[in-house]
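Asks: Residue numbers (the numbering used here), protein chains in the order written: chain A, 1 to 218; chain B, 1001 to 1218; chain C, 2001 to 2218.
These are computed hints drawn from the structure, not numbers from a lab.
The model shown is predicted, which means the values in this text are computed figures rather than measured ones.
Positions of the beta carbon are idealized from the N, C-alpha and C atoms, including for glycine.
Pair by pair, the computed Cβ-Cβ distance ranges are:
#1 A:Ala75 - C:Gly2194: 18 to 26 Å
#2 B:Ala1112 - A:Val170: 39 to 47 Å
#3 B:Ala1172 - C:Met2189: 55 to 63 Å
#4 C:Trp2185 - A:Tyr167: 58 to 66 Å
#5 B:Leu1168 - A:Gly114: 36 to 44 Å
#6 A:Trp185 - C:Pro2198: 37 to 45 Å
#7 B:Thr1173 - C:Tyr2167: 53 to 61 Å
#8 C:Tyr2167 - B:Val1011: 54 to 62 Å
#9 B:Val1007 - A:Lys86: 54 to 62 Å
#10 B:Ala1112 - C:Trp2195: 48 to 56 Å
#11 C:Ala2075 - B:Asn1116: 20 to 28 Å
#12 B:Val1007 - A:Val7: 45 to 53 Å
#13 A:Val7 - C:Arg2196: 36 to 44 Å
#14 B:Asn1116 - C:Trp2195: 38 to 46 Å
Covered by chain B, per the in silico footprint, the following chain C stretches (three or more residues, Cβ under 8 Å):
#15 2020–2032
#16 2036–2048
#17 2055–2065
#18 2134–2143
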Amino acid sequence: MSLLLLVLDLVGTFVFAISGATAAVTRRLDLFGVLVLSFVAGNFGGITRDVLIGSVPPAAINDWRYLAVSLLAGAITFHWSSAIDKLSSPVLVFDAAGLALFAVSGTQKALAFGLNPVMAALLGMLTGIGGGMVRDILVVEIPTVLRADIYALAALAGAATVVIGQYLHVPATAATAVGALLCFWMRLMAIHHGWRLPVARRSEQLGGASAGSKDRKD
Amino acid sequence: MSLLLLVLDLVGTFVFAISGATAAVTRRLDLFGVLVLSFVAGNFGGITRDVLIGSVPPAAINDWRYLAVSLLAGAITFHWSSAIDKLSSPVLVFDAAGLALFAVSGTQKALAFGLNPVMAALLGMLTGIGGGMVRDILVVEIPTVLRADIYALAALAGAATVVIGQYLHVPATAATAVGALLCFWMRLMAIHHGWRLPVARRSEQLGGASAGSKDRKD
Amino acid sequence: MSLLLLVLDLVGTFVFAISGATAAVTRRLDLFGVLVLSFVAGNFGGITRDVLIGSVPPAAINDWRYLAVSLLAGAITFHWSSAIDKLSSPVLVFDAAGLALFAVSGTQKALAFGLNPVMAALLGMLTGIGGGMVRDILVVEIPTVLRADIYALAALAGAATVVIGQYLHVPATAATAVGALLCFWMRLMAIHHGWRLPVARRSEQLGGASAGSKDRKD
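From just these sequences and the hints, can you work out the full model?
Replies: Here it is, written out as structure tokens:
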């Protein structure tokens, strides 16, 4: 179980690192910038969770495998960036898998450190979305997760499943598997059907929307 | 006293969370983005302070009431954003109150963890301004507090009052009240009279304010 | 040795603080914004390292001298910003010296806290580049270190020298001196010869470099 979690965790890191490296290559950052964004996207969520629950040094700092996997993903993306471009659909699937796993493993770690269930679920969600948020901040963009389709909500649903499972004394393995599958399924459905969260209605004269959306990427 | 501090702390969180949600609504973020910015604006200052002084998990992560208050503020802002717009002046007053409280309560917590007086006052100031700084970074703006009217200085004055009070053996309650009132008053005066801090003089050819985009690197 | 390290550390803080203050003055931030960017640029790298290795409160928060040096640098830059402009070449030299020192001292501290050699070298590098990264994020720019000439690599080379020296049982003083000189020399050579890291090749239709600036906000 523990080995399985580690493997899945490293797979999640790898996929997220590719998303960071792709963002860096698109913005013409140099090789170092690509590797930094790989590491940040793959590990920042987990690092933040570990700092907040007092588990220092964070696993991603203390265990060289997270670094190795991140650098490998960055190097691959750097050298075969045109090929990665063509893979966007598989990457989205892997990204959904990474999100699912980080959400449930992050929640479990927070529960193990004694956080209350609600905050443990939120830290699980943060583990899943944190890397992508800082990736976007570093390339000076409003984080995708704050304005895009169902992403954080899928992570939260997976994390909540783990918490509810613990409350109901369901075996941890089962709750984890169900939570991860739920998150994965929600995310794929959101991509497939273009599900989005609502945006607040604004009075016309504010003009806000146009200012915001003109320079917004899509 | 402790209950009073908690109530005031939650009121401060609520008001700052409204400022975060308003920033998110203006930029057309979705519901999740609005709730994240509510939580960040209301709690990031305190979370940063707690991480820096080694009080983990931070109170805002460990106590569900901070989350509940933040989400409530976010939901209200999301549904009645037009009404909130009309309230800008009351919001500024509440914001000044939140700043005052966070500055003094943050200072007290830092002193309680054994920091030296100068750094305790600065951490108190950081508690007051940190949430708004990260709110602005997430929506890709230079933090208001770095370029706007007297804001951080009011927080620092309140925080310094608490520190000086402790040094002079004034009862903590009295020093806290005076510090909070001083900060609140300075902030209201700054808004009312348009007080601003000076900006460095630059040689003419630099072109000043408009230069912001011109002197950006590429 | 310890006194020497402290002095060099404070010199590094001073020089990095000038770089932060200069960025703030150029963007017309007010006096407070200038002082904040001074402190952030001079100390954020070390603060992040200390939080990640569990050394809280961080030295820069706990020792008033780091603050004093940062504020002094900020005040000097604020009042004599035209003079500082003319100094850009000496500032680059001092900046290279600060980078060299932060890289080796950060690595030593991480090793002392029991991190494995690879991560200790990376934390040393982070100590050197962290302040400048947050400085750039606060003024809404893609961090220079992610896209500019050889900078992080110089820090990494210095940090790796310290780690290798420890592995080979070379006296710490010697390894530190060699590491710092190597970083300093690499950085000066990179400036002098315009050394840069490679950028990934992209298919033509993506538009590459120009796309980066077009979708930048103003």
